[in-house]
Amino acid sequence: MAKKNSSARNESEKKRQKKAYEKYVKNFTPRPKYFSNSIKAFIVGGSICLAASYIQDGLINRGLEKSEAGSVVTVILICTAQLLTGFGWFDSIAKFAGAGVIVPITGFANSMVAPAMEFKKEGPVLGSGAKLFTLAGPVLVCGITASVIIGIIALFK
Amino acid sequence: MPNNKLGKQTIAFRTRPEVLGTGSVVGVKEGQGPLGKSFDIVLEEDMFGEKTWEGAESKMLSESMRIAMKKAGKTADQVDAILSGDLLNQLMSSTYSVKEFSVPFLGMYGACSTMTEAIILGSVLVDGSYSDTVIAAASSHYSTAERQFRMPLEHGNQRPPSAQWTSTASGSLVIGRSKNPHFCCTYATIGKIVDTGMTDANQMGAAMAPAALDTVYRHLLDTGREWNYYDRILTGDLGHIGKQILIDMAKNLGIDLSPAYDDCGVLIYEKDQDVHSGGSGCGCSASVFAGPVWKSMMEGSISKVLLVSTGALLSTTSAQQGGSIPGIAHAVSVEAVY
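In the order they appear, the protein sequences are chains U and R. Residues are numbered in this note's numbering as their position in the first sequence, beginning at 1, plus a constant of 96. Residues are numbered in this note's numbering as their position in the second sequence, beginning at 1, plus a constant of 196.
Honestly, the hints are just simulated from the structure, not real lab data. Each residue gets a CB set at the ideal place from its N, CA and C atoms; glycine is no exception. Where hints are given, some of them may not hold.
What the hints assert, rightly or not - Below, simulated EDC-like cross-link-like pairs (lysine to aspartate or glutamate); rule was C-alpha separation at most 20 Å, straight line: (1) Lys-119(U) x Asp-468(R); (2) Lys-247(R) x Glu-161(U); (3) Lys-270(R) x Asp-242(R); (4) Lys-266(R) x Asp-328(R); (5) Lys-201(R) x Asp-418(R); (6) Lys-217(U) x Glu-250(R); (7) Lys-114(U) x Asp-427(R); (8) Lys-295(R) x Glu-240(R); (9) Lys-122(U) x Asp-328(R); (10) Lys-110(U) x Asp-396(R); (11) Lys-136(U) x Asp-328(R); (12) Lys-122(U) x Asp-418(R); (13) Lys-500(R) x Glu-531(R); (14) Lys-191(U) x Asp-468(R); (15) Lys-267(R) x Glu-531(R); (16) Lys-216(U) x Glu-342(R); (17) Lys-114(U) x Asp-391(R).
Claimed, not checked - Have a look at the derived ranges for each label pair, beta carbon to beta carbon: (18) Lys-115(U) x Asn-424(R): 32 to 40 Å; (19) Lys-119(U) x Asn-376(R): 47 to 55 Å; (20) Cys-238(U) x Gly-324(R): 50 to 58 Å; (21) Leu-251(U) x Gln-517(R): 46 to 54 Å; (22) Gly-450(R) x Lys-119(U): 47 to 55 Å; (23) Arg-346(R) x Asp-153(U): 19 to 27 Å; (24) Thr-291(R) x Gly-223(U): 49 to 57 Å; (25) Lys-119(U) x Gly-303(R): 32 to 40 Å; (26) Ile-389(R) x Gly-223(U): 14 to 22 Å; (27) Pro-455(R) x Lys-110(U): 47 to 55 Å; (28) Gln-517(R) x Lys-119(U): 22 to 30 Å; (29) Lys-201(R) x Arg-105(U): 32 to 40 Å; (30) Val-235(U) x Gly-450(R): 27 to 35 Å; (31) Asn-101(U) x Arg-210(R): 45 to 53 Å.
As the list claims (entries may be wrong) - Calculated from the model, a selection of chain U residues having no Cβ within reach of chain R, i.e. all distances over 10 Å: (32) Gly-154; (33) Phe-186; (34) Phe-252.
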């Protein structure tokens, strides 16, 4: 019993030390530039949405259904992001714009193409094929799970 | 029989194994840094004419060994053992780089502390007359480390200010004996693991700084040397944040490290090279010591150096399981012997 108590005390002492050290480290760590990063993300992300909306309107004017036009715009965004990733430009854009390009579907496209390119050397099946979903996979699993749960809730509402 | 153990953790090399020659090969970004001119080879492109990044790293490592052997006036036949390590699984870069030499090989892993681990064990082999000549070497490559530990290269993200940049670099030392010894390994302090409980892989410097302090402090206690004995005390890759933490923690112990102290991860890049908190990787301390530091020693501007390569013993599995990042640091003193 006494042993158990002392090990619990040791554990809490370790946690306290860890917290104290983390706090101490914070004094030396520069904070990310949240404000300027947010502004950049807003401007770039907003511009992407604006352009997408403009294209969608154009497509609707040419006689496409609204839902069809939406799908075409999504494909255009995905293809553009994939192409930019292939040219090696997307990571530089993302470094500047952050969430502005990562949160829209452009980020999703990049997260598929980047591992596909990276693991090409390991072969088409065990390399690109196996690693294709390493970044996007967890997002898909969580997204689909969430949508199923919400779907069930909606069903019994 | 003389006792070569000094104090608690320090080894005294009584017969003074000598550093006979060094070789350093670095990537494009490292070549553009403030130390760029002091390395033996700066790559024109980080692929180094190979098909894979891993192939490039192996070639960099073998090239640095070749340069070190040439400067030491030795051929591979005269080398009794190669002690080398890197960051990749199963020490891929090292095994591929040494196979062409056909020399007995010992793989080292101490994360980014590998270089001093190799120098210490290599010096032990020479000091104990188990070998006449050995090579101690280490390498890292930004692109191989990124794909193993982090994200694919083309993945778009923003790194936090505390993140460090794995150096594309390799460094080798030939350790042996000559008739007129010049720069010798005199003492080595083997570090112990210090775990701060930090779990953030973007805070490597902070995770390693207490281990570095522990080793430096133990080294000074064991050898009875003063902190200002050395011309240069160089930690491996604490980066800007870890360096500041080490200086501050040492100050609390009454040691003012600042005039002689610096960090290889801080020295290797300019602040505007977009490397955030500085360089990291085994190749960082290996190349900085084998290149610029060795050059300064040969020119006579410094003669007593304490190299303290620091390692964050993080595995991809422990990181995913929420484990902490254990830190380690080994120190070796290389000094002019007259």
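Hints and how they fare:
As the CA atoms of Lys-119(U) and Asp-468(R) are separated by approximately 27 Å, the hinted pair breaks the 20 Å bound. With a C-alpha separation of about 48 Å, the suggested pairing of Lys-247(R) with Glu-161(U) is violated against the 20 Å cut-off. With a C-alpha separation of about 28 Å, the suggested pairing of Lys-270(R) with Asp-242(R) is violated against the 20 Å cut-off. Distance restraint check for Lys-266(R) and Asp-328(R): the Cα-Cα separation of roughly 16 Å lies within the 20 Å cut-off, and the hinted pair is therefore satisfied.
The straight-line distance between the Cα atoms of Lys-201(R) and Asp-418(R) is roughly 9 Å, inside the 20 Å bound, and the hint therefore holds. Of the supplied pair hints, the one linking Lys-217(U) and Glu-250(R) holds, its CA atoms being roughly 11 Å apart against a limit of 20 Å. Using a Cα cut-off of 20 Å, the hinted pair Lys-114(U) and Asp-427(R) is violated, with the two alpha carbons roughly 34 Å apart. Proximity of Lys-295(R) to Glu-240(R) is assessed by CA-CA distance (about 25 Å); at most 20 Å being required, the pair is judged violated.
Distance hint between Lys-122(U) and Asp-328(R) is unfulfilled; the C-alpha atoms sit about 48 Å from each other, more than 20 Å. About 17 Å separates the Cα atoms of Lys-110(U) and Asp-396(R), which keeps this hinted pair within 20 Å; it holds. This hinted pair does not check out: Lys-136(U) and Asp-328(R) have alpha carbons roughly 60 Å apart, beyond 20 Å. For the hint pairing Lys-122(U) with Asp-418(R), the CA-to-CA distance comes to about 32 Å; that exceeds 20 Å, so the pair is violated.
For the hint pairing Lys-500(R) with Glu-531(R), the CA-to-CA distance comes to about 4 Å; that is within 20 Å, so the pair holds. Using a Cα cut-off of 20 Å, the hinted pair Lys-191(U) and Asp-468(R) holds, with the two alpha carbons roughly 15 Å apart. Note on Lys-267(R) and Glu-531(R): the hinted pairing holds, with a Cα-Cα distance of about 19 Å set against a maximum of 20 Å. About 15 Å separates the Cα atoms of Lys-216(U) and Glu-342(R), which keeps this hinted pair within 20 Å; it holds.
Proposed proximity of Lys-114(U) and Asp-391(R) is supported: the alpha carbons are some 9 Å apart, at most 20 Å. Checked against the hint of 32 to 40 Å, the C-beta distance between Lys-115(U) and Asn-424(R) comes to roughly 35 Å, which is consistent with it. Lys-119(U) and Asn-376(R) have their C-beta atoms about 53 Å apart, which keeps the hinted 47 to 55 Å range intact. Checked against the hint of 50 to 58 Å, the C-beta distance between Cys-238(U) and Gly-324(R) comes to roughly 57 Å, which is consistent with it.
The hinted window of 46 to 54 Å between Leu-251(U) and Gln-517(R) is violated, with their beta carbons roughly 37 Å apart. For Gly-450(R) and Lys-119(U), the Cβ-Cβ distance of about 23 Å falls outside the hinted range of 47 to 55 Å, so the restraint is violated. Separation of Arg-346(R) from Asp-153(U) is about 40 Å and departs from the stated range, judged on CB atoms against 19 to 27 Å. Remark: the range hint 49 to 57 Å for Thr-291(R) to Gly-223(U) is contradicted by a beta-carbon distance near 21 Å.
Checked against the hint of 32 to 40 Å, the pair Lys-119(U) and Gly-303(R) passes, with Cβ atoms roughly 39 Å apart. Checking the proposed 14 to 22 Å range against Ile-389(R) and Gly-223(U) shows it is violated: the Cβ atoms sit about 35 Å from each other. Here the CB-CB span from Pro-455(R) to Lys-110(U) is close to 35 Å, at odds with the stated 47 to 55 Å. Distance hint check for Gln-517(R) and Lys-119(U): the Cβ-Cβ separation is about 24 Å, which falls inside the suggested range of 22 to 30 Å.
The hinted window of 32 to 40 Å between Lys-201(R) and Arg-105(U) holds, with their beta carbons roughly 35 Å apart. One distance hint, 27 to 35 Å for the beta-carbon pair Val-235(U) and Gly-450(R), is violated here, with the actual separation near 51 Å. The hinted window of 45 to 53 Å between Asn-101(U) and Arg-210(R) holds, with their beta carbons roughly 49 Å apart. With a least CB separation of 27 Å from chain R, Gly-154(U) remains clear of the 10 Å interface cut-off, as annotated.
Not every CB of chain R is more than 10 Å from the CB of Phe-186(U) (nearest about 5 Å), against its label as outside the interface. At roughly 36 Å from the closest C-beta of chain R, the C-beta of Phe-252(U) stays outside 10 Å, upholding its exclusion from the interface.
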